[in-house]
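Enquirer: Chain by chain, the residues:
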Amino acid sequence: MVSHTRGGEPRQRRSPAARGKSGADAPPPAGGEQLTQYYRDMLLIRRFEERAARAYTEALIGGYCHLNLGEEAAVVGLMAALRPTDYLFTNYREHGYAIQRGIDPKRVMAELYGRADGVSKGWGGSMHMFDLTHRLLGGYGIVGGQLPLATGAALAIDYRDGDDVVMCTMGDGTAAIGAFHESLNIAALWNLPVVFVVINNHLGMGTTIEKSAAEPELYKRGAAYRMAAARVDGADPAEVRQAAAVAVESARGGQPYLLEVMTERLRGHSVVDPAKYRSAQENERLKAADPLHTFAAKLAANGILDELDVEGIEKEVASVVAEAAAFAANSPSPSVETLFDYTYASPVPNDSRRLPGQPLFEPAPLPGGASA
Amino acid sequence: MVSHTRGGEPRQRRSPAARGKSGADAPPPAGGEQLTQYYRDMLLIRRFEERAARAYTEALIGGYCHLNLGEEAAVVGLMAALRPTDYLFTNYREHGYAIQRGIDPKRVMAELYGRADGVSKGWGGSMHMFDLTHRLLGGYGIVGGQLPLATGAALAIDYRDGDDVVMCTMGDGTAAIGAFHESLNIAALWNLPVVFVVINNHLGMGTTIEKSAAEPELYKRGAAYRMAAARVDGADPAEVRQAAAVAVESARGGQPYLLEVMTERLRGHSVVDPAKYRSAQENERLKAADPLHTFAAKLAANGILDELDVEGIEKEVASVVAEAAAFAANSPSPSVETLFDYTYASPVPNDSRRLPGQPLFEPAPLPGGASA
Amino acid sequence: MTIMTYRQALHDTLRAEMLRDDDVLLMGEEIGVFEGSYKITAGLLAEFGPKRVRDTPIAEEAFTGAAVGAAMLGLRPVVEIMTINFSLLALDQIVNHAAKIYGMFGGQSKVPLVIRTPGGGGQQLGATHSQNIELYYAFVPGMKVVAPSTPADAKALLLAAIRDDDPVLFLENLALYNTKGEVPEENVPAQIGQAAITRPGKDLTLIGYSRMAHVATEVAEQLASTEGIDIEVIDLRSLRPLDRDTIIASVRKTHAAVVLEDDWLTYGIGAEIAASISDGAFDDLDAPVRRVAMAEVPMPYAKPLETAALPSRYDVITAIRQTLAAVGHRTGKNSPGASAPGKSSAGSSSTGVPAGVKA
Amino acid sequence: MTIMTYRQALHDTLRAEMLRDDDVLLMGEEIGVFEGSYKITAGLLAEFGPKRVRDTPIAEEAFTGAAVGAAMLGLRPVVEIMTINFSLLALDQIVNHAAKIYGMFGGQSKVPLVIRTPGGGGQQLGATHSQNIELYYAFVPGMKVVAPSTPADAKALLLAAIRDDDPVLFLENLALYNTKGEVPEENVPAQIGQAAITRPGKDLTLIGYSRMAHVATEVAEQLASTEGIDIEVIDLRSLRPLDRDTIIASVRKTHAAVVLEDDWLTYGIGAEIAASISDGAFDDLDAPVRRVAMAEVPMPYAKPLETAALPSRYDVITAIRQTLAAVGHRTGKNSPGASAPGKSSAGSSSTGVPAGVKA
Ligand SMILES: Cc1ncc(C[n+]2csc(CCOP(=O)(O)OP(=O)(O)O)c2C)c(N)n1
Ligand SMILES: Cc1ncc(C[n+]2csc(CCOP(=O)(O)OP(=O)(O)O)c2C)c(N)n1
Ligand SMILES: [Mg+2]
Ligand SMILES: [Mg+2]
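Residue numbers (our numbering), protein chains in the order written: chain H, 1 to 372; chain W, 373 to 744; chain L, 745 to 1103; chain Y, 1104 to 1462.
Hints listed in this document are in silico derivations from the structure and should not be mistaken for laboratory results.
Any given hint might turn out to be false.
[What the hints assert, rightly or not] Taking lysine-lysine and the BS3-like style, the derived pairs with C-alpha atoms no more than 30 Å apart in a straight line are:
1) H:Lys211 x L:Lys1077
2) W:Lys583 x H:Lys220
3) Y:Lys1436 x H:Lys106
4) L:Lys795 x H:Lys276
5) L:Lys1047 x H:Lys106
6) W:Lys648 x Y:Lys1213
7) H:Lys220 x W:Lys670
8) H:Lys276 x L:Lys783
9) H:Lys276 x L:Lys1077
10) Y:Lys1154 x W:Lys592
11) L:Lys1047 x Y:Lys1213
12) W:Lys670 x W:Lys687
13) Y:Lys1154 x W:Lys648
14) W:Lys659 x Y:Lys1436
15) Y:Lys1154 x W:Lys583
16) L:Lys783 x H:Lys287
17) Y:Lys1406 x L:Lys854
18) Y:Lys1283 x W:Lys648
19) Y:Lys1436 x L:Lys997
20) L:Lys1077 x Y:Lys1406
21) L:Lys1047 x L:Lys997
22) H:Lys211 x L:Lys1047
23) W:Lys583 x Y:Lys1142
24) L:Lys783 x L:Lys924
25) W:Lys687 x H:Lys211
26) L:Lys854 x H:Lys220
[Claimed, not checked] Listed next, the stretches of chain W that the computed footprint assigns to chain H, with coverage defined by at least 3 CB atoms under 8 Å from CB atoms of chain H:
27) 531 to 543
28) 546 to 556
29) 704 to 710
Quick caveat, the model's predicted, so the values are computed rather than measured.
C-beta atoms are modelled at their ideal positions from N, C-alpha and C, and glycine is treated no differently.
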């Protein structure tokens, strides 16, 4: 189901020529093949994340590691609504998005391992994946940090009369931060081609949405900016894709959009969080609501997917994930020689290239030339 | 006229005992005497500000100086709705508020002059007036800076089950800043006794509200936090007072409130702004809409105020302002000896008390005792 | 005395102060139900309830500013900002409001506020989560900044911070939470604004704070036992105010100094320490003050790069050796313990080596 | 060469770059209809239209962050933050995003962004509007920070900043906008990262940036004519990267240095300059490096107090005199121009005066 609120008229309506067909309706419902592909994509994310969790316990991955477990349908549906030339800004919980944007899982896993073949050459890690060719403009670790950036990217597209769209995803807890307000206001004020997507798993880390938002129906906040908004169930990739397509085409037409996707986070906030704050019964509910299973059941019921297909897909996916892990394990660490290579894009004199043990100035040589 | 939007139910309704009579309706309409008093108060602000503007041109006042000219009815009506024990946080455009809170105009003018008898001992100036006994908890120069502070003051009242209310005023341009969003959300989430008041003069400095807010009907933003909200015409002090009283009693009952007061800024953003960006016709409109004259006319029409009264009040006010200026002119500047007295409230060793010309360490005495 | 972790000392002190004074309340993200990102506040929500242990929305600016406002009305809020990196979002409320309100209004309103926040690095958290920016607070008049390196100081300085009437930035460190040490039973607050000589010595003054004060003591003990080098260790404890007297008095005795910091070298905390020593102990220094700090890069995620960018014990020992060698080279004495009466110009400025060559 | 104000040089350069490159756009509060709080952008909205001269809402964090995002897609935004005090609200977008994006993603995305903002003081704007916090940017790897003191440098450095592919904090100063100087017709960008010797001299090195570089030159000229003291003046121009080589080479020649800054002394910009000199020119310094800076208080509004808190020409002259006296006291020479070959320990550490006594 989808609930809506209407946005105001865009102040400066773009010519369809410049912005592409504007305000288009939802695409035709997905057919069996496409639905099967969605399932395959969801399963890939599921198995990839499970493998990442294991690699973390094996100390092959470090730092913070946040997984998309339970949000597979949302990730798949959202990414399916984007053109390859559209841009994505997201947060630290972005492995699945990277894969769905078309980045080879090998390079995603290699980044988690901190290797030179990773999408960010090992400099970013789990929270900071970036790939220009697939127009993933970054996972960001500062809550809300991606919103102003996405707004600016949309401004650049608009500035050049391009017809690409920027999608910016965030969590429900992120809707409380100032950048949310400032960014949505500017995007609406300037009719920028951007879709803000709240992945509402009703939890920050352990804080529920009721404890972080005075208006917990977050899509309703669009009204504060005369921004069109909707809420959609995130358990079904086809539904998500339909709602996202409407949002994306609205943005393409010069009307930014706020889309709220209702999801569940199957595990802790990050791989190290045991989520003790959840009751056994809550965990039961989560198991039952697992979108991977409910979606599989739906496809089975509609005769689109049978036991055998599922097994086949499992095998496929398993080998993709295994290859990714193997590739990551064999990829070299970035060389320490590169430590000073990414401070500045324009070389500049007097840039510091000193290691912690090195002096600021060469010590004067000792009398008799004995070295210190 | 007043337009309304409803807030949600307070999550945790306070006991009337703890919070005082909650959600009271507007007070009875003001009688003739009270209306005359409002007029007197408005005129005092008008003449005080005109005197301040003159003193600025005479270089008796420095820094930035923002006046309440055109907003007298809003200031008087809002302050009339507060109990003496309620708190006010406001911005840099606060001379009139200080006077209406009951602070002697002499001390307000002395602060503008930067003298020791000023409300902030000359340390704050035009933008930073503070007086604990009259519960003016500060004018603040950073746009939006007062909102989190006011929210926290309301938290302290709530923490101690007090039944005072905090009023926090701001301008329309301030509604675009992140602190607005963060503060209103927290205030509504925690049912804090605070009223946020937007003085909408439809201008930032030269930027119109239409260019700074995607939803220019700012009171509607209350809905994003399930916060009760209303908009009122700021040209009539009685109307403002009625609307403010509703807001204040709602807050006292544990339901924070967003009140938008529509006003006009008769001159530039600050005394040095010639407001070239305004058309002659716009300036004509402003003259016609001057609340001081419209309100006087209204009182005259209702036989509450005649020529003579007006003259009498003019005389009264003129002498109050003249005394204030004289007092300020004769008040001493704060002594340079006090420069290091207000860095810390709790004395602490090794606090720096060095003037710019003094060395960090006493220079070693010269051989033969010649001094450097 | 009991042995406990730095984390435990913080937890117990928060609890003790909340029991002592009803005006003390805790605010921050995930400090209640989640029991804190680093579990400092574990159990306190259960004991004191949601009124005094407040889980806030993710809104650093407003909840920190709300704590300032509450402090203006006499409460004594202790705010937790999950890591110091996120404090940038609250900086306006801290620097432009908390630190200004007492002075800007002529001393009419105190702001008894504590902001607890950990710095760190070495956890592979990447460029935005590995910064040490205590400088941003230590630079500001009106702020007080303390940085305990031991469980005992964590307790004593937290007591002092909570009872102080000014805004105090209380710097913790991810790498210190699990370190153990003796902590006295009694609740005796430390004096903010004073450094401590944690190891007396005569050959060289080694200065650090927070994690690096910890490293300093370890290295000093090691060099004493392995090479008979007698190092005096100073733990700054308070970054603002800064206790220059203790530092200068030490260097006037040892004639040499090495400063350790976990932040970036250029403009970092160590710059002020080195500048102050070079001024106050000018005639007593026998070698340039050496600084050991992070490499000046956005911190990479990959472990080998992160390790290379962070100061190590080996780096500290190198700096000490080179500094003692420089002392010997100027005083003529070669025993590491040598402490000449003062600078000799022998072969110094006459050695016409071009300065300013980067290593 | 034409004579024009610092303001005019900024205005003309912005205009010239917008004419040269369609990707250059301006964003900020009140820069269009209001023509800028300090009128730097006067007339540009009329000439280039609202698409390239964007009045933003009062939302420092989002419009600065939006400029970062636009720069990631190849535009070259020039943001105006009305005064540097308000930049605290955008600090997360600048420090955690603009300065990190190139490194954090392994060099995949450039951020060609310029942030123009004036510092200042002395305008009676009070505690929150009189700060000089360029340190917050100069401290951060990934940022470049320039601080022109003359109209010519305002032009040359702004050209360089706009054409640079990294985020550049371009520091202006309220007190410099109306100062005049010669500006070349040609659009020749300066080299970021290099200081300039604006007056050669042999007796003492006087170092400043922004307004204080201006003051330095004036004082040097005055002392040259009135007392025959020959001062070498260095204008840092770039705070990050910092050109230590130029500074050290000068001090190795003059043997004495005084550092001028408009920010607070403790942990201020001058701390790094003093620390670097004391290290790199250790054997050549004949007196401690002296720093002249603001008093460490929240800036009061009242004129007499504000004046007392700000460094004056008189303070600078006092510092120079006392430093030259200290040189004489160590070198035995008393002529201000004395430049001994290096440190002599004569009567230095033997003078047992307790150090660390605050003035
Ligand atoms: C500014 C900032 N504050 C706090 C944090 C720590 N933090 C990381 S994730 C998180 C919770 C975010 O919740 P939500 O927005 O719902 O996203 P989710 O993790 O549920 O996808 C917090 C508080 C941060 N990274 N940045
Ligand atoms: C954070 C911040 N940004 C910018 C400014 C500069 N400034 C001072 S007042 C003002 C306009 C405010 O307009 P509004 O909120 O409508 O209040 P008004 O002056 O109209 O009463 C601006 C941009 C500031 N003081 N603080
Ligand atoms: Mg969430
Ligand atoms: Mg306004």
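Enquirer: It remains to establish, for every hint, whether it holds in the given structure.
Expert: We went through each hint and held it up to the structure:
1. H:Lys211 x L:Lys1077: This hinted pair is violated, its Cα atoms lying about 68 Å apart.
2. W:Lys583 x H:Lys220: It holds: about 22 Å lies between the C-alpha atoms, which stays within 30 Å.
3. Y:Lys1436 x H:Lys106: Not satisfied, since the Cα-Cα distance of roughly 72 Å exceeds 30 Å.
4. L:Lys795 x H:Lys276: Since the Cα atoms of lysine 795 of chain L and lysine 276 of chain H sit roughly 22 Å apart, the hinted pair holds (cutoff 30 Å).
5. L:Lys1047 x H:Lys106: Since the Cα atoms of lysine 1047 of chain L and lysine 106 of chain H sit roughly 19 Å apart, the hinted pair holds (cutoff 30 Å).
6. W:Lys648 x Y:Lys1213: violated, 40 Å
7. H:Lys220 x W:Lys670: Between lysine 220 of chain H and lysine 670 of chain W the Cα gap is close to 42 Å, so the pair fails against 30 Å, i.e. violated.
8. H:Lys276 x L:Lys783: holds, 13 Å
9. H:Lys276 x L:Lys1077: At roughly 63 Å apart (the allowed maximum being 30 Å), lysine 1077 of chain L and lysine 276 of chain H break the hint.
10. Y:Lys1154 x W:Lys592: holds, 29 Å
11. L:Lys1047 x Y:Lys1213: Measuring from Cα to Cα gives roughly 24 Å; hence the hint holds.
12. W:Lys670 x W:Lys687: holds, 21 Å
13. Y:Lys1154 x W:Lys648: Distance of about 22 Å is within 30 Å: holds.
14. W:Lys659 x Y:Lys1436: violated, 74 Å
15. Y:Lys1154 x W:Lys583: Cα-Cα ~13 Å, so holds.
16. L:Lys783 x H:Lys287: holds, 28 Å
17. Y:Lys1406 x L:Lys854: holds, 24 Å
18. Y:Lys1283 x W:Lys648: holds, 26 Å
19. Y:Lys1436 x L:Lys997: Judged against 30 Å, a Cα distance of about 28 Å means the pair holds.
20. L:Lys1077 x Y:Lys1406: With Cα atoms ~56 Å apart, lysine 1077 of chain L and lysine 1406 of chain Y exceed 30 Å; violated.
21. L:Lys1047 x L:Lys997: violated, 40 Å
22. H:Lys211 x L:Lys1047: violated, 37 Å
23. W:Lys583 x Y:Lys1142: Roughly 20 Å separates the two Cα atoms, so the pair holds.
24. L:Lys783 x L:Lys924: holds, 16 Å
25. W:Lys687 x H:Lys211: violated, 56 Å
26. L:Lys854 x H:Lys220: violated, 40 Å
27. 531 to 543: violated (count 0)
28. 546 to 556: n = 8 at 8 Å, threshold three: holds.
29. 704 to 710: Since 0 is below three, the answer is violated.
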